[in-house]
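There are 2 protein chains.
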Amino acid sequence: MVVSISLENSKNIEYNIVIDNLPSLKFDTKVAIITNDTIAPLHLDFLLSKIEANNVSVVTIKDGEQYKNLETIEYILDELFKFKLDRKSIIIALGGGVIGDMTGFTASLYQRGIDFVQIPTTLLSQVDASVGGKTGVNNKYGKNLVGAFYQPIAVYIDPKFLETLPTREFSAGVAEIIKMAVMFDKDYFKYMQENSLDNKENLKMTIKKSVELKANVVNQDEKEAGIRAVLNYGHTFAHVIENETNYIKYLHGEAVAIGIIMANELSYELGLLNRDEFNEIKELLVRYNLPVNYKIENIDSFYEHFFLDKKSFNNKIKFILADGIGSHIIKNDIDEDIIKKVLKRFG
Amino acid sequence: MVVSISLENSKNIEYNIVIDNLPSLKFDTKVAIITNDTIAPLHLDFLLSKIEANNVSVVTIKDGEQYKNLETIEYILDELFKFKLDRKSIIIALGGGVIGDMTGFTASLYQRGIDFVQIPTTLLSQVDASVGGKTGVNNKYGKNLVGAFYQPIAVYIDPKFLETLPTREFSAGVAEIIKMAVMFDKDYFKYMQENSLDNKENLKMTIKKSVELKANVVNQDEKEAGIRAVLNYGHTFAHVIENETNYIKYLHGEAVAIGIIMANELSYELGLLNRDEFNEIKELLVRYNLPVNYKIENIDSFYEHFFLDKKSFNNKIKFILADGIGSHIIKNDIDEDIIKKVLKRFG
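Chains as they are written, first to last, in the numbering used here: chain X, 1 to 347; chain U, 1 to 347.
None of these hints come from the bench; they were simulated from the model. Be aware that one or more of the hints could be misleading.
[Said to hold, decoys possible] To give an idea of the chain X side of the interface with chain U (calculated C-beta under 10 Å), a few residues:
1) Ile-73
2) Lys-82
3) Lys-140
Beta carbons are placed, not taken as given, at the ideal position from N, Cα and C, and that holds for glycine.
Could you build the full structure based on these sequences and the hints that come with them?
Written out as structure tokens, the structure reads:
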């Protein structure tokens with residue numbers, strides 16, 4: 001299956017997202033693979049067996065969101081300069097969202113930009129992170145605050161990689177699938193309620209559906225001037241949670257699950273979701289063992305943190321909310337009192 | 001006078017380059033000015049008197065090419081996060097090429113990209129660096145090896161800033177003007193031979209002409225897939241010279257002057273320039289007190305250095321050469337022997 005990206009505002013950016021067994025990859029250039037020390041022992045040999053190129057080098061970094069920073073980017077850049085990659089060389093990301101985001105960012109920076117390919121190995125990166133060209137790193141002020149919009153030349157999504165994925169990480173990916181369904185497609189949400197992802201065909205169809213929804217959004221709005229912001233449902237809260245817990249306690253998708261619950265409490269407060277809908281979403285998250293509770297230690301500091309989010313302008317926070325299941329609404333005029341009242345339910 | 005940039009391959013990127021007295025600038029957002037400790041005492045108050053905005057903050061860094069690195073970028077980013085700039089905020093570069101390159105790069109990275117304005121204060125940045133969206137920093141492997149293509153939303157070129165510019169830096173800017181003339185326009189070269197830039201009207205016309213030539217090239221080829229490489233005439237050599245002398249001994253334009261001489265020796269060797277033409281270009285460089293001599297300590301190491309240049313692919317170096325005065329030729333098949341023979345004239 002192939003889904004295409006063709007960005008509305010750029011004449012030259014078009015690429016395919018292939019959802020299938022990884023094909024043989026032939027390059028008439030130097031290639032560098034960026035991966036981490038968890039994925040390398042599992043899948044690096046397999047990838048190497050698929051690549052034909054002038055020269056292949058590998059950069060292996062430590063696994064973990066806590067290494068997603070500028071220091072690691074400098075390290076990767078240094079390695080690439082040692083390999084003497086040139087402007088026509090290709091970088092390949094082999095790993096989850098962290099590897100994909102950092103590889104894309106590095107590719108955008110190396111000699112002001114060289115081509116890169118995404119080979120996502122986690123469910124989260126297969127259904128979300130690898131598609132759309134958001135790249136970057138975290139800093140002490142928050143998540144993904146430094147980066148670039150930079151599109152890959154191709155994305156290869158092979159569900160086989162998921163066979164080695166720990167259950168907890170699989171679930172974290174499901175959180176982003178539920179996000180897409182709640183925001184855009186009631187039937188898809190229903191499908192998720194009624195079908196199990198243990199079935200391989202269901203899983204493949206689900207990946208395809210999520211990628212299609214995502215590609216559709218990105219094609220309309222690469223730079224997040226409008227509709228793309230909807231993909232941040234749950235993320236405004238999740239970013240604060242991840243920051244407060246130093247990116248260690250929760251996987252990104254787990255923080256998103258909690259963020260979805262928080263956003264839904266706000267929707268409920270504003271009359272946009274009823275308790276039944278709230279509970280249906282919660283039950284689906286719980287079915288995949290995703291966390292739905294979080295203790296906010298300090299309401300004011302949690303609230304202040306919102307203003308460093310990329311979705312806050314002129315002291316207004318932009319909340320992406322469910323307006324019933326399957327549709328979304330963007331609100332940037334919610335009173336501080338109401339927000340804090342909702343946050344207190346987690347206090 | 002206004003010159004327009006309208007990039008051929010991007011639907012949404014168009015901006016004006018205003019060559020005139022700096023107008024009043026009104027922003028409905030937060031603004032941050034990035035400048036250095038040489039320019040701030042001279043021109044910051046003047047700029048502040050021209051700006052109306054919700055809030056104006058200033059980041060002042062040390063003056064000098066040796067600070068053009070990722071460490072300084074991180075420092076600037078940190079300051080901007082402290083100011084809580086949001087995605088609609090504007091960054092203004094007040095300074096020469098180093099400030100412009102680093103400000104544009106920072107703008108490209110902050111929350112994956114916010115708008116920036118160029119206010120170049122040196123002749124070099126007015127005629128060259130501020131136009132075209134090349135941003136970035138140096139690293140131990142070479143010049144501008146890490147960066148982004150990122151266009152400003154406007155460029156304001158006020159020749160008045162040049163009144164405080166040291167003569168040596170003025171001359172460094174003239175090197176880039178001579179580069180443009182030799183590559184693209186024999187009449188312009190003749191104009192430079194026959195007219196003095198001491199005259200303010202001549203100077204303004206010369207800035208406009210250079211900006212027009214540059215904008216014309218950038219409009220055709222933003223990402224340097226073709227014609228834009230011609231702007232690197234002299235630079236392939238200059239980058240090695242700057243690297244060998246730790247970016248301290250020569251101003252960029254001075255290294256370019258030497259690089260032009262080296263490229264011209266290669267042109268002469270290949271029968272593309274005769275000795276008269278070679279000498280005419282040299283005389284114009286010398287008239288502005290630009291250096292035209294350089295002692296290469298180690299020919300092999302100088303030669304090896306070429307391969308880290310962004311213009312080298314698959315072990316081929318791309319040389320931009322004068323093919324007579326006023327036209328250019330790109331060569332990537334020159335024998336190592338010939339190149340080294342020419343380099344030996346500087347040994």
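So which hints don't hold here, by number, going up?
none
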